[in-house]
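Peer 1: Listed below are the residues making up each chain.
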Amino acid sequence: MTITRNPARSDRAGAGAAHSRARTWPGSATGVAVRVLALGLIVGIALWAAAPLVSSGDWTGMAITAVATGIALWAYLTPRRLPAKYLLPTTFLLVAFQVFPVLYTMSLALTNTGDGHLGTKSEAITAIETSSVRREAGSAEFRLTVAEKDGALVFLLADPAKRAAYAGTEDGLREIGGASLGPGGRITAAEGYTVLTAAQASARSAEITALAVPVKGGAIRSQGLTRAYQGRAALAYKAGCDCVSGDGKIWRSDEEQGRFVAEDGSALPQGWKVGVGLSNLGAALTNPKINAHFAGVFVWNLFYAIAVVALTAALGLAAALVLHHPRMRGVRAYRTLIVLPYAMPAFAMLLVWRDMFNTDFGLINRMLGLHTDWLGTPFTARLSVLLVQLWLGFPYMFLVATGALQTIPREYMEAAEVDGASPWQRFRKVTLPLLLLALAPLLVSSFAFNFNNFNGIFLVTSGGPFPSDNPTVGATDLLITYTFRLAFGQQGAQYGLAAAMSIYVYLIVAVISIIGFRRTRAFKEVT
Amino acid sequence: MRTIVWRHAAAVLVTAFAVLPIVFVVSAALNPIGTLSSATLVPRGAGLGNLLRLFEETHFWTWYRNSVVVAGLTAALAVAVSALAAYAFSRFRFAGRRAGLVSLLVIQAFPQFLAIVPLYVIFSAISDNWPVFGLNSVWGVVLLYIGGQVGVNTWLIKGFFDSIPKELDDAMMIDGCTHTQAFLRVVLPLAAPVLAISGLLVFIATINEFLIASVFLTGDDARTLAVGLFGLLADQRNANFGMFAVGTLLTAIPTVLVFQFLQRYIVHGLTAGAVKG
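Those protein sequence lines, which keep their order, are chains A and B. Residue numbers for the first sequence follow my numbering, so the first one is 1 and each next one is one higher. Residue numbers for the second sequence follow my numbering, so the first one is 1001 and each next one is one higher.
Please note that the accuracy of each hint is not assured.
[Claimed, not checked] Cut-off 27 Å, straight-line C-alpha distance, at most; resulting in silico cross-link-like pairs (BS3-like, lysine-lysine):
{"no.": "1", "chain 1": "A", "residue 1": "K162", "chain 2": "B", "residue 2": "K1166"}
{"no.": "2", "chain 1": "A", "residue 1": "K249", "chain 2": "A", "residue 2": "K238"}
{"no.": "3", "chain 1": "A", "residue 1": "K121", "chain 2": "A", "residue 2": "K216"}
{"no.": "4", "chain 1": "A", "residue 1": "K249", "chain 2": "A", "residue 2": "K429"}
{"no.": "5", "chain 1": "A", "residue 1": "K249", "chain 2": "A", "residue 2": "K216"}
{"no.": "6", "chain 1": "A", "residue 1": "K238", "chain 2": "B", "residue 2": "K1166"}
[Unchecked claim] Partial chain A-side listing against chain B, Cβ under 10 Å, derived:
{"no.": "7", "residue": "F92"}
{"no.": "8", "residue": "L337"}
{"no.": "9", "residue": "F398"}
{"no.": "10", "residue": "P423"}
{"no.": "11", "residue": "F454"}
[Unchecked claim] Chain B stretches covered by chain A per the calculated footprint, using a threshold of three residues with CB under 8 Å from any CB of chain A:
{"no.": "12", "segment": "1070-1084"}
{"no.": "13", "segment": "1136-1148"}
{"no.": "14", "segment": "1211-1219"}
{"no.": "15", "segment": "1245-1259"}
Quick caveat, the hints were computed from the structure, so don't treat them as lab data. Backbone N, C-alpha and C fix where the C-beta goes; we use that ideal spot for every residue, glycine too.
Extracted from the complex, chain B is given alone in its bound form:
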């Protein structure tokens, strides 16, 4: 019993550290005056003035829709593509496997935004030929983000696949399944926890990405939340802080929903007992 009390005390402490700055943002969002200099930790009053201003004075809905589409698509596709590669690295032995794994590691160490000038040149060329995937298009940015995410996620998912007993797919194949069936019906369902976590990590990384989005998505219809909200503070830092705080909180909602949705896949003990002896 004592250990449980101790555990709760520690958990409350960590939770307080995690939550306090967010409480500040909440009270700044509710703050009727709406300026930075008047914001406190505990709100002195509450009003929806900042929220109303945000929707009336900015294209907030457009930013919001773009961000959710970009982050959702990127997360789903990056995890799917990474899981395929991870399966090959985990289950097959082929020429160049080791080299492939090492180069994945080396390549993903290069931060995409360092190459912003080359990326801009590439996307200008894409714009000329396939405007759907070019500059000022959320689809092009989705492709770019997936490219930046597959390296690290392949490693993450491969590590988990390695921990799933190979005997399970062998058993499937002895029963006449193909590799594809073993992958889809045994490995993927068992790997649900890591797929859920990868998806969540990609979603968060993407919805927070600022530098590339600020260069690639400049049109009014193409802006994401990060670009739009940053613009709010660019010239009216003090006066717009309340709106900014509201926008910050609303930006967090999709992430929390995705986490709640994925949390049920993060269940434990699925592989326990699958292999006897």
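Next up, chain A with everything else stripped away, as it sits in the complex:
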């Protein structure tokens, strides 16, 4: 192929294909260098990423790396596919950190994952057997030294009878050599382990009490900080009947609920993860505990998001317009000051605002000479969270409106002025439509953000105030804080149910975003 430096100016007939090719694929020295560099970079990253996967034999990971590398080479090592070259980095990042987590959340929603249902069935059986360990007459005894390795707790055990030293973790027991014994037959040091001091050990005493080192037919547990014993498991799993028996009872495996259930209906606390189909999604709608207040929370949530967007946009736009005047002085100083709330760390300022609303020594009550319990009654609490969010959010709108104002070509205003439009008409017919066009996508994403503004509610009111007869739903609760409390509240973590609820929240936001976009002119640009 001939190298055509100025393809579009070349007038050789019949070389159209060559032209377009040369245009996107210049044969210049820089072009070649860039291509070689890209190839080297892609291959280099792929090799670096593959090395640990090969050594650990992770075939899924290798397949993902191979596909990603293949797509990158497909896009960058050809003159065509220009859009793909520009889109690929964004696509990779979105797939890895947005799309995949969303899909994963959806799959979690179809399981009973949560406290007591975190692992596989065999992990549950190990947990049941080790936690049922009891001490019996004649149990083997050890001298215990508590140590740690990579932050994980380890029992260094000396057996005086057998003159052997072991290291026990929650994964099991193994013999170690080269341990030095101190007075009383306890291990004082062992290579690769850090022995905890008495103070460190007592700080982690809850962990130490909970640690059971599984061994055949039982487990080793601590008794105080210097002794350990090997106990026998009271409960044992039998593969033949797929059940756990002991203490004169039998718990049969229930594959639908993912736990062992006895005839009287009681179940062992340790279960495993099973698919539950659509029952989590159904529970979100039919469980009276969850759906009773759904409508009320939803209406307030909707109002909150709309009000925050409207208030912040109105104030931000107004401030930007006030400063947008050729004869205005001190604009830079005003801008810097107005944008300050946005520069302040939001989470910290939310906590500061909460304290400013405090009844007894809050700044607002002291300045106004009032004694109002701002966050204590539904109306004032709602007003307060809106005010806080207006303060936090309007500088953002101000910034964007300022930027958008500067992109409006001056000719438009001059033309309107020549045509005899009044200042109000110029604003109403020229400035505002152009501003809204630029702001529309941000209004929609601001809505989506505030619809799920967890920090904005949780750090200020925690969802409260709560009516005295119902501690589960507060006056300022958004769907997300309400869901959060239901799922992670008193009953312990229920990730499956939480995932189902977040899917509902997401669907609502996505649908509203799409409707919002369809109604704005911004959507026309898509086509």
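Chain A is already provided as a structure; the job is to place chain B on it using the hints.
Peer 2: Just chain B, lined up with the frame of chain A:
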């Protein structure tokens, strides 16, 4: 002249609303007693006791360095990546363009922290293979934050690119430039205002992010300001308020500097007059 006075009055009012809570934080930071219950709007005294306590009793410098690195890298990379995608959406017509734009919009509506459990699982797997980008590593969090930011920023930047006359890149290409050259030499410089604003928004969003950082960065060396400062108030709310206020103010400094640095790119009228007729 009257309109100018009126404009100044309104600007002062808005500025007062914006600044008053910050004045309260400043006086709480200077307050020699250093407790919440003794803080006032106008400081009754001034001392650096809270500042000294903050540096002596906490790992404040480490938190600070981590936050600036994370927010700075995230802002720069997210804007760069988003600008590339925005250019493709703005200038090329290709199969799946409309679908791509709509899915961007739908995908970015999902708040990342809702998927905290899946994200933790993903990063545990990454930790096993590539600890550089795993849990307790600021680099991994940077990647995660970029992933959460590109959707909305692509839309924002694309909107601006659409307002830059296509005739400008056409003229470049008639003169023999490639698409890449037109992008780098015409579109990007003209889009400096929106790139500056996007960068600033990402920087602020990242330096304020708390929930994900509090789960992913728990090691002493990996904590960011948000995680570290929150910990200050966790158990000693009243006594540590002065330190907390100092930390809040110091956290704001990088953001203000970035804004001051970027403000000169937010100049107006660059495209005015580029296309005659």
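Peer 1: Are the hints correct? Go through all of them and say.
Peer 2: Status of the hints after comparison with the structure:
1. A/K162 / B/K1166: violated, 85 Å
2. A/K249 / A/K238: holds, 13 Å
3. A/K121 / A/K216: This hinted pair holds, its Cα atoms lying about 18 Å apart.
4. A/K249 / A/K429: Cα-Cα ~81 Å, so violated.
5. A/K249 / A/K216: holds, 22 Å
6. A/K238 / B/K1166: Not satisfied, since the Cα-Cα distance of roughly 74 Å exceeds 27 Å.
7. F92: This interface hint holds because 9 Å falls under the 10 Å limit.
8. L337: holds, 5 Å
9. F398: holds, 8 Å
10. P423: Because about 9 Å separates A/P423 from the closest Cβ in chain B, which is inside the 10 Å limit, the hint holds.
11. F454: Check passed: Cβ of A/F454 comes within 7 Å of chain B, closer than 10 Å.
12. 1070-1084: Our answer is that it holds, as 3 residues pass the Cβ test (under 8 Å) against chain A, meeting three.
13. 1136-1148: holds (count 5)
14. 1211-1219: violated (count 1)
15. 1245-1259: holds (count 8)
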